[in-house]
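Trainee: Using the sequences provided together with the hints, build the complete structure.
For the record, the sequence lines run as chains A and B. Numbered according to my numbering, the first sequence spans residues 1092 to 1352. Numbered according to my numbering, the second sequence spans residues 14 to 268.
Mixed in with the good hints, there may be bad ones.
Simulated pairs of lysine to aspartate or glutamate, EDC-like, Cα-Cα distance not exceeding 16 angstroms [claimed, not checked]:
id : chain 1 : residue 1 : chain 2 : residue 2
1  : B       : LYS20     : A       : GLU1188
2  : A       : LYS1315   : A       : GLU1188
3  : A       : LYS1315   : A       : ASP1137
4  : B       : LYS100    : B       : GLU133
5  : B       : LYS18     : A       : GLU1188
6  : A       : LYS1265   : A       : GLU1250
In case anyone wonders, no lab produced these hints; they're calculated from the structure.
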Amino acid sequence: MNIPLQVAGFLGRSYRGAISFLALIGIWAALARLQAFPAELLPAPDAVLTTFLQSAASGVLGASLGASLGRIAQGFLIGCSLGLLLGASMGVSPAVESLFAPLFNALRQVPIIGWIPLIIVWCGIADLSKIVFIALGAFFPMAINTFEGIRSVPHGYLEVARVFEFGKLRLLGKIVLPGALPSIVTGVRLSLGASWMLVVWSEINTRSAPGIGDMLDSAREGSKMDVVIVCIVVIGAVAFLINELLGQLEAQLQGWKKTSR
Amino acid sequence: MRTLKRKLLGLVAPVLLLAAWDYVTRRELFSPQLLPPSEMLLETWWDMQTSGELALNMRVSLCRVAGGFALGAALGFALGTAMATCKAVDDYLGPLFNTVRQVPIVGWLPFLIVWLGIGELFKVAFISLGALIPMALKTYEGIKAVSPGFLELARVFEFGRFRQLTKIMLPSALPSLLIGLRLSLSEAWMLVVAAELVVASVGIGNTMTVARRLFQTDVVLVSVIAIAITGYLGNALLALLEARLLASRRPTCAQ
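Mentor: What follows is the structure in structure tokens.
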């Protein structure tokens, strides 16, 4: 009965949202047309679109994006698996927790970007230091969320496992890990998001090889504002996709967890 | 007794780490430029402390954080409140805000440098952009989560919009607001380091970049520790504030 109302409400809302986007682009186009700012500061919207299409067609954009994603793939895999390992072992064993938690919590206090000068001293400015940096950034959220996920497995489940006399391995595979899965996926989402931010930042900080951050910062140096804007939009779009896809997986797992209760 | 045992166990890993560090530096497996002996850190810290170098750079960074955090958190609070209390603002600005916040803050760095130069204005703008987003989100969420019963009560007492906001919405959103403050402070602290590592002539991030170029690993390590301790203290301070504010409120909330 109120479905037409809901549709109308949604259309009304998205129509209002669209107005502010259009207004922003309109003001931008007008300012560019009036040449209120030099073109190095404010290129016209259609110039940005042309630049986007050109750099996409020539493969420059794809190559930069590919290089950054390749660094992420390596750093994220290393950091994520180490984080999973530490988080899981701290989660299942109180002894491991008391052994590592204080050191882990102390190291966690350093804002992740603060590690980069140290990593550069030890690993140089090439890809290795970027990968180590990304791995470190992916490690912390993964370890924390895995740990919390395992600790939040309801006590009743563990008792059921005891009643059925599950061995340690079956307990882990059948009860603990499935119970902790939604939280682990949250960890994956956060650590992948952090990896994406860190690859962009490390490429801006030390420009040693192609990448989307390198493309962004060299466009800044060359006063090519159209390329700067294209890069920012692409970086935002990738971050959005990471968040959206894993967020949906998360919601599905949580829903599955609820219905299974 | 058990907690004592746990605490002792917690000391094992740091002590082992220090022992390994000591062993490696004593055998000179790495050059002292890559890994300085641990006792050298204390000397370096003392030098940096007595020369005033550490205090000066820390003060500059803290001033930038204070400016960026105050501006960003205030704007974020205003934006979050406006979007949560006024449907039209939410409809018009919500989609735009949600689009802009997808971009990792560090991606804005080159853009802001082009527009604002590499001076203080750029750094404060960069930090406040980072501080704004979590504050706006948490304010919005906090006010949206106010229980409808409270709002009905306000309607019964014929509260005006302002009184409804100050007497009902903000007090009940307080826990969420405080989380927003903490998130935005830690973001601000990370971003000042990020900005100073890229462009600065003074500041703790700049100290690290200069030391890194000169291979003064001891200075880098001391700076990393100083950054961590300052970040921890900032967070602890807000946690203390949170505990005080919420402790006096909990009994009234629970009823």
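Trainee: State for each hint whether it applies.
Mentor: Hint check:
1. B:LYS20 x A:GLU1188: Judged against 16 angstroms, a Cα distance of about 11 angstroms means the pair holds.
2. A:LYS1315 x A:GLU1188: Answer violated: A:LYS1315 to A:GLU1188 is near 51 angstroms, above 16 angstroms.
3. A:LYS1315 x A:ASP1137: Judged against 16 angstroms, a Cα distance of about 14 angstroms means the pair holds.
4. B:LYS100 x B:GLU133: Cα-Cα ~36 angstroms, so violated.
5. B:LYS18 x A:GLU1188: The hint holds at about 12 angstroms.
6. A:LYS1265 x A:GLU1250: Holds, because 13 angstroms separates the two Cα atoms, which is no more than 16 angstroms.
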